[in-house]
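One line per chain: the protein sequences are D and F, in this order. At position 29 of the first sequence the residue is numbered 29 (the numbering used here), and the sequence of numbers has no breaks. Quick note: to get the numbering used here, add 101 to the position in the second sequence (first position is 1).
Hint data in this document are derived by calculation from the structure and do not stem from the laboratory. These numbers come from a predicted model, not from an experiment. Think of the CB as a built atom: it goes at the ideal place given N, C-alpha and C, for glycine as much as any other residue. Honestly, I wouldn't trust all of these hints.
In silico DMTMM-like cross-links for lysine to aspartate or glutamate, where the CA-CA straight-line distance does not exceed 25 Å [claimed, not checked]:
no.: 1; chain 1: F; residue 1: Lys127; chain 2: D; residue 2: Asp58
no.: 2; chain 1: F; residue 1: Lys127; chain 2: D; residue 2: Glu89
no.: 3; chain 1: F; residue 1: Lys127; chain 2: D; residue 2: Asp95
no.: 4; chain 1: F; residue 1: Lys240; chain 2: D; residue 2: Asp58
no.: 5; chain 1: F; residue 1: Lys249; chain 2: D; residue 2: Asp58
no.: 6; chain 1: F; residue 1: Lys249; chain 2: F; residue 2: Asp235
no.: 7; chain 1: F; residue 1: Lys249; chain 2: F; residue 2: Glu227
no.: 8; chain 1: F; residue 1: Lys240; chain 2: F; residue 2: Glu227
no.: 9; chain 1: F; residue 1: Lys240; chain 2: F; residue 2: Glu255
Label-pair ranges, simulated between beta-carbon atoms [as the list claims (entries may be wrong)]:
no.: 10; chain 1: F; residue 1: Glu227; chain 2: D; residue 2: Val83; range: 50 to 58 Å
no.: 11; chain 1: F; residue 1: Glu207; chain 2: D; residue 2: Val83; range: 36 to 44 Å
no.: 12; chain 1: F; residue 1: Pro236; chain 2: D; residue 2: Glu89; range: 49 to 57 Å
no.: 13; chain 1: D; residue 1: Glu89; chain 2: F; residue 2: Val108; range: 44 to 52 Å
no.: 14; chain 1: D; residue 1: Val66; chain 2: F; residue 2: Ile211; range: 17 to 25 Å
no.: 15; chain 1: F; residue 1: Gln193; chain 2: D; residue 2: Val66; range: 22 to 30 Å
no.: 16; chain 1: D; residue 1: Asp94; chain 2: F; residue 2: Glu105; range: 39 to 47 Å
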Amino acid sequence: MSIDPSYYLALAGLMFAIGVVGTLTRRNAIVIFMFIELMLNAVNLIFVTFARMWGNVDGQVLVFFVLVVAAAEAVVGLAIILVIARRRETSNVDDISMLKW
Amino acid sequence: MTVEYIVFGVMFVVALGSSLAMLFAKNAVHAALFLVATQIALAIAFLLQGAFFVAAIQIILYAGAIMVLFLFVIMLLGVDRQEALVEPLPGQRPLAIGLGALLATEILWIAFRGLDLVAAGGGGGEALTGLNRDPGNVKALAGSLFGKYTFPFEATSVLLVVAIVGVMMLARRINALSSGDRVAETDAAREDLVAGRRGAA
Numbered sequence: 001m002s003i004d005p006s007y008y009l010a011l012a013g014l015m016f017a018i019g020v021v022g023t024l025t026r027r028n029a030i031v032i033f034m035f036i037e038l039m040l041n042a043v044n045l046i047f048v049t050f051a052r053m054w055g056n057v058d059g060q061v062l063v064f065f066v067l068v069v070a071a072a073e074a075v076v077g078l079a080i081i082l083v084i085a086r087r088r089e090t091s092n093v094d095d096i097s098m099l100k101w
Numbered sequence: 102m103t104v105e106y107i108v109f110g111v112m113f114v115v116a117l118g119s120s121l122a123m124l125f126a127k128n129a130v131h132a133a134l135f136l137v138a139t140q141i142a143l144a145i146a147f148l149l150q151g152a153f154f155v156a157a158i159q160i161i162l163y164a165g166a167i168m169v170l171f172l173f174v175i176m177l178l179g180v181d182r183q184e185a186l187v188e189p190l191p192g193q194r195p196l197a198i199g200l201g202a203l204l205a206t207e208i209l210w211i212a213f214r215g216l217d218l219v220a221a222g223g224g225g226g227e228a229l230t231g232l233n234r235d236p237g238n239v240k241a242l243a244g245s246l247f248g249k250y251t252f253p254f255e256a257t258s259v260l261l262v263v264a265i266v267g268v269m270m271l272a273r274r275i276n277a278l279s280s281g282d283r284v285a286e287t288d289a290a291r292e293d294l295v296a297g298r299r300g301a302a
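Just chain F, with the same shape it has in the complex:
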C-alpha cells in the first residue's frame, strides 16, 4: 500500500511541522492557524487508522468550533501584542526545552521499544477493519458509548453543564463589575460630566 505510506508521510510532516511552527510563531493568530493545520493532519491520521467518525468530529469540533472560539478571543483581546522578553525565572526556558527533549526521547523509546508491553492482548488492525465493516464505525461507536460507557457519558453531560454555568458566572461577574471598580470610575466620571453640564446649563 504505497499510497497509504505517502499519505502518512505527508500527514506526519504537516502535523509535526505545524506544531513546531506553533512554537516559533510570533503572532497568536498564526499559532492558531498552525494548530488548525495540525488538527486537520490529525484528522487524516484518524482516517488512516479507521476512526472515521472521530475524524469527522475532529474537523467539525476542534478545527471548527474550538479554534473559532480561540480566534474570537484573540480578536477580542487584540492581535498585535508582543510577548514580553523579560524572564522572571532565569534559565526557565532552556530548562523547559531540555526537559521537553527528554520527554520526547522517552515517549519515542516507548513507542518503538516498549510496545510489547501495551500490545500484549492486541487484536490488531484487522479486527478494527472488521468492526468498521460489519456494524459500521458509527454503529460500533454508538454501541460502545451508550452501552459500556453510559455512566461516563452521563458524567460528561454534568461536566458540560458545570462548564456552562461557570462561564455564565464569569460573564455575569463582568457585568457585576461594571458597578464595581474600574468601570464604575468611568460611570462616576460620566455622571460627573452629566452633572457638570447640568451645572453649566
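Bound-form chain D, shown alone:
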C-alpha cells in the first residue's frame, strides 16, 4: 500500500467526470443508468481510498450503503424503464418528455 492516494482519487475523479458526461450526452435510458452506476463506482473508489488514508474501515462500510442504494436504484429504475418501454416502445429519454399521457 505504497501508491499515493492521489492517483486513486484522480482515477475516481476522471471516472466520475466520464459518468457525468455520459449521463448528459447519451440518449438511451439504460445506458444513462449504466453511467450513473459508473459514478457510484467512482465514489466507492473514493470511499475506499479515504478509508486507507484515515487508517480505518469506516469508508469501506460506507461502500456497502452506496451498494445498497445503487442496487435499489437500479432495480426500481430498470422497472420504470421497462414499463415505459412496454407502453411507448422506446427507451430514448427524448421521447419520454411528458409526465402524463
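With chain D fixed as given, assemble chain F onto it according to the hints.
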C-alpha cells in the same frame, strides 16, 4: 514494490479505458460489458488498498448481479436500437462535454493539491494494514457495520423493502394495464375475432 506499481498501472488503464469506451460504445450491450470491465478493474483497486471484502462484494454484486440485471433489461428491450441523432436542445452535448472536462480538472486539482485538507488527521495505510492483520478485514468491517453503523444498516433494510414493494407495484401495474389501454385493444380485438368466428360458425 514494483509489482504494485505494475498492477496499479494496468488497473488504471483498464478502468479509465473501459469507462471512456463506454462513452463511445454504440451498442448498449458493449457499454454494459465495458462497465463490467471497469468494475473488475475497480475491484483490483480495492484489493490494492486493503479492502478485501469490498473487492469480493464488488465482483459478486456489481459485476455479477447488477450487471446481469442490466443485460437482462437490454435483452428484453432489444439490442439493435440506434440512438437518435436529433438534438432537441441545441448545443447541449458540447456544453456537457465542456462542463465534464471542467469537473474532471477540478477533481484532479483536489486530488493532487487539496489533499492536505482531507488528510489532516489521517492515520495512513499502515493503520489499515494493522487492522487487516489483527482483527481481519471482514471482522473489522462487521464490527463497524453492526456497532457504529447499526442504525444506517437498519435504514438500508427499510430502503430495500421499499424498493422491493415499489418494483412489485410497477410489475403489478403492467398486469393491471392489460385490462387498460393498449393491451385491452388487443384483448378486445381477440374477443371480436372469437365472436366473428362464432358468428361465422
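Do the hints match the structure? See the list:
no.: 1; hint: F:Lys127 <-> D:Asp58; result: violated, 39 Å
no.: 2; hint: F:Lys127 <-> D:Glu89; result: holds, 19 Å
no.: 3; hint: F:Lys127 <-> D:Asp95; result: holds, 19 Å
no.: 4; hint: F:Lys240 <-> D:Asp58; result: holds, 13 Å
no.: 5; hint: F:Lys249 <-> D:Asp58; result: holds, 9 Å
no.: 6; hint: F:Lys249 <-> F:Asp235; result: holds, 19 Å
no.: 7; hint: F:Lys249 <-> F:Glu227; result: holds, 22 Å
no.: 8; hint: F:Lys240 <-> F:Glu227; result: holds, 18 Å
no.: 9; hint: F:Lys240 <-> F:Glu255; result: holds, 19 Å
no.: 10; hint: F:Glu227 <-> D:Val83: 50 to 58 Å; result: holds, 51 Å
no.: 11; hint: F:Glu207 <-> D:Val83: 36 to 44 Å; result: holds, 37 Å
no.: 12; hint: F:Pro236 <-> D:Glu89: 49 to 57 Å; result: holds, 55 Å
no.: 13; hint: D:Glu89 <-> F:Val108: 44 to 52 Å; result: holds, 46 Å
no.: 14; hint: D:Val66 <-> F:Ile211: 17 to 25 Å; result: holds, 20 Å
no.: 15; hint: F:Gln193 <-> D:Val66: 22 to 30 Å; result: holds, 28 Å
no.: 16; hint: D:Asp94 <-> F:Glu105: 39 to 47 Å; result: holds, 46 Å
Figure legend: structure checked against the earlier numbered hints; the only hint not met is number 1.
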